[in-house]
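Starting from the known structure of chain A, fit chain B onto it as the hints suggest.
Listed here are the chains, written in short residue letters.
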Amino acid sequence: MGDRGAAEERRTAEFGTFVAGASGRLLHLGALLTTEPFGTASPHSRPSDSHPTDSDTGPAAHRTDLELLPAARKLLLHALARTYAGWDLLRQEDPYDRTRRELVDRFSHTAHHHRRSRGGTLGPLAPHERVVLVLRLFEDVPQGQVAAMLGLSEERVTAVHERALETMHPLAVARFGRHPARTHG
Amino acid sequence: MADRRERGVRQLLDGPHPYVPPNLVEEATVCGGQLLRRRRLARRLALAASLLAVALFTVWAVHSQPWQREPATPAPPPGIGW
Numbered sequence: 001m002g003d004r005g006a007a008e009e010r011r012t013a014e015f016g017t018f019v020a021g022a023s024g025r026l027l028h029l030g031a032l033l034t035t036e037p038f039g040t041a042s043p044h045s046r047p048s049d050s051h052p053t054d055s056d057t058g059p060a061a062h063r064t065d066l067e068l069l070p071a072a073r074k075l076l077l078h079a080l081a082r083t084y085a086g087w088d089l090l091r092q093e094d095p096y097d098r099t100r101r102e103l104v105d106r107f108s109h110t111a112h113h114h115r116r117s118r119g120g121t122l123g124p125l126a127p128h129e130r131v132v133l134v135l136r137l138f139e140d141v142p143q144g145q146v147a148a149m150l151g152l153s154e155e156r157v158t159a160v161h162e163r164a165l166e167t168m169h170p171l172a173v174a175r176f177g178r179h180p181a182r183t184h185g
Numbered sequence: 001m002a003d004r005r006e007r008g009v010r011q012l013l014d015g016p017h018p019y020v021p022p023n024l025v026e027e028a029t030v031c032g033g034q035l036l037r038r039r040r041l042a043r044r045l046a047l048a049a050s051l052l053a054v055a056l057f058t059v060w061a062v063h064s065q066p067w068q069r070e071p072a073t074p075a076p077p078p079g080i081g082w
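Residue numbers (UniProt numbering), protein chains in the order written: chain A, 1 to 185; chain B, 1 to 82.
Chain B extracted, bound-state conformation:
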């Protein structure tokens, strides 16, 4: 039953394809090329931003050396207050 219904509806959908305008390929190539260039630009910008972030981090790290232990604060001189 389901199969017969599907066959009928299938026949409704089938048939000759519509006419395709001849300039479709050119249009799609142009649009796709723009999209590709935009994607490449975005990728390059992201790469440049991450490189910049790494460079900034390196400069900061070399400058402030956060891995160095902070010098211990000197103990208060004995005899004060006691």
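Bound conformation, chain A alone:
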């Protein structure tokens, strides 16, 4: 039993380090999928001092705003719990990839809850289009891996990606203009 206690302690410590490093990005991913808006209307403005609004919405209101991502949080919690439970059996798999897979699986299985837009960036897209777009462009997962993760053919992934780009491109142009800055190399 002592062995198990030590293993649990080690697992908890490793898991804590992993979550501290990865949860921000994973929550971002979740919020993109659930289309819950969070206080980053413009990526160039700092959330703390942007949005000069009415007197009743000060920094405190903004902070509350940031804390509210219930659906994305639920997805992430579910995914993290499963990663924790399988931590000792991860072998070669990267815990981040594993958690991302769990999160996307969970989202896909409960997609009917997320069909309607909650007002976030990817609101105009259908759930499966969001998944493909986010995996391809936010996570830079290669096409073949996306197809394998979702159990679709590569042609289908390409078609869905193309359609999602067609929907989102005008919105990107509306926000950033025709020539966006080169953020990725």
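By construction, these hints were calculated from the structure, which means they are not laboratory data.
Ideal Cβ placement from N, Cα and C applies to all residues, glycine included.
A partial selection of chain A residues facing chain B, derived with a Cβ cut-off under 7 Å:
id, residue
1, Gly24
2, Arg25
3, Leu27
4, His28
5, Phe38
6, Tyr84
7, His169
If you want the ones that stay clear, here's a sample from chain A, every Cβ over 10 Å from chain B, calculated:
id, residue
8, Gln143
9, Leu150
10, Gly151
Here is chain B on its own, set in the frame of chain A:
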């Protein structure tokens, strides 16, 4: 063309990450621990059930010895009906 569209949409998705509630690790650890215990229990139950099945099969096999050839039914005594 496709590349430019991707760049624009990428910029739309990027940006600072949202605020992560500090108790997320604890919650995930607790939920994950429960899940782990449940999985262990299920595995133990499955193991116990299979052991029980093996034991029952052994007892039955020793008792009824199905590998033994059944004794041939004795032929009807000659002379009856013929």
